[in-house]
Amino acid sequence: MHRFANPGRFMRVADRLQPWLLWGGLALLVAGLYKALLDSPPDYQQHDTVRILYIHVPSAMLAQGAYIMMALGSASFLIWKHPLGDLLARSAAPIGAALTLVCLITGSVWGKPTWGTYWVWDARLTSMLILLFLFIGYMALANAFDDPARGDKPAAILAVVGIVNIPIIKFSVYFFNTLHQQSTLFRREGPSMPPEMLTPLLIMFGAFTCLFLWLLAVRLRGEFAKVRLRAIRAGLVRRAETAGRRRAPAGGPVEEGAG
Amino acid sequence: MGEIATNLGALFTADFWAMGGHAFFVWTAYAVTVIVLGAVTAASIAATRRRERELAALDPDRAARRGGAATRAQATEDA
Chain A
1 MHRFANPGRF MRVADRLQPW LLWGGLALLV AGLYKALLDS PPDYQQHDTV RILYIHVPSA
61 MLAQGAYIMM ALGSASFLIW KHPLGDLLAR SAAPIGAALT LVCLITGSVW GKPTWGTYWV
121 WDARLTSMLI LLFLFIGYMA LANAFDDPAR GDKPAAILAV VGIVNIPIIK FSVYFFNTLH
181 QQSTLFRREG PSMPPEMLTP LLIMFGAFTC LFLWLLAVRL RGEFAKVRLR AIRAGLVRRA
241 ETAGRRRAPA GGPVEEGAG
Chain B
1001 MGEIATNLGA LFTADFWAMG GHAFFVWTAY AVTVIVLGAV TAASIAATRR RERELAALDP
1061 DRAARRGGAA TRAQATEDA
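Chains as they are written, first to last, in our numbering: chain A, 1 to 259; chain B, 1001 to 1079.
Wrong hints could be hidden among the right ones.
Stated by the list, open to error - Simulated coverage check for chain A against chain B, where a stretch passes if three residues somewhere in it have a Cβ under 8 Å from a Cβ of chain B: (1) 53 to 63; (2) 107 to 119; (3) 175 to 182.
Don't read these hints as lab results, they were simulated from the structure. Just so it is clear, CB atoms sit at the ideal spot from N, CA and C, and this is done for glycine as well.
My request is simple: use the sequences and hints to build the entire structure.
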């Protein structure tokens, strides 16, 4: 594991995986959409609205996966001051926020025909909404300062503290009275879902996972470039300052070089 | 193969798009997914490309061997 803590090596591995993740993810997406929309049967109770399942569940699971990634990255940044952890968390946050939003909206339009309401303030739905706020809060804190080295620590602390929400989401359907059904996938006796629905769900989950990791790699490259840009610009400013000072006869601060 | 062709043929029937009377809910869910995830993907690609272009303009040598240890640690050291 430690070999991948070297940012350069990490990025080389990520770069090499990127095309596989993209094309594999797209192929799975085509197969999954075909299965989900054309091949799988309508539910005997929910009829065709059950097809929302195939995007709702993968986005919900990956939203939480993104959060766990963000919290672990932030923890490694706080504990070992590892810059890669901070960049990983910064890259995962917007994707996680988007996935949470997708999960909430698809769940909402699924709730109307199934439960008779777009929204209820019950444990599962509310804890998922809190997840969205955690992502947004993290992004706001991480980008709140002109000097990103000031925002990274508070943001990382928020991400780490917010991890308590993940088990709350998971167990909300067991501990509280909620409209949301309990898990049909992760139970001791195995998934209680017919194979003609389980197969498209698993394919769609695979597609979402591949494309999530691909997008994460794209964003990480962007974050690396941002850090380099900042370092180079800081170097240029410093060089301009020293050059300006040498030229200034009386010494003292040189205004045009500062900033 | 014949089954896939039959299934794909359903794309051209109004029945498929009607989703058993639930067209609004099903297609809203799929449309929102495409729009939201498409937007974050497009924004991410655009931001990464813009930064890498700026980087290449500032530092051509470094950009040529991209993947070099560009770390926050270095950034703070330099600054």
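Here is how each hint holds up against the structure:
Under the rule that three or more residues need a Cβ within less than 8 Å of chain B, the assignment of the segment 53 to 63 of chain A holds, with 3 such residues. For the segment 107 to 119 of chain A, the stated coverage by chain B is satisfied: 4 residues place a CB nearer than 8 Å to a CB of that chain, which reaches the threshold of 3. Residues of the segment 175 to 182 of chain A with a Cβ under 8 Å from some Cβ of chain B number 0, which does not satisfy the need for three, so the listed coverage is violated.
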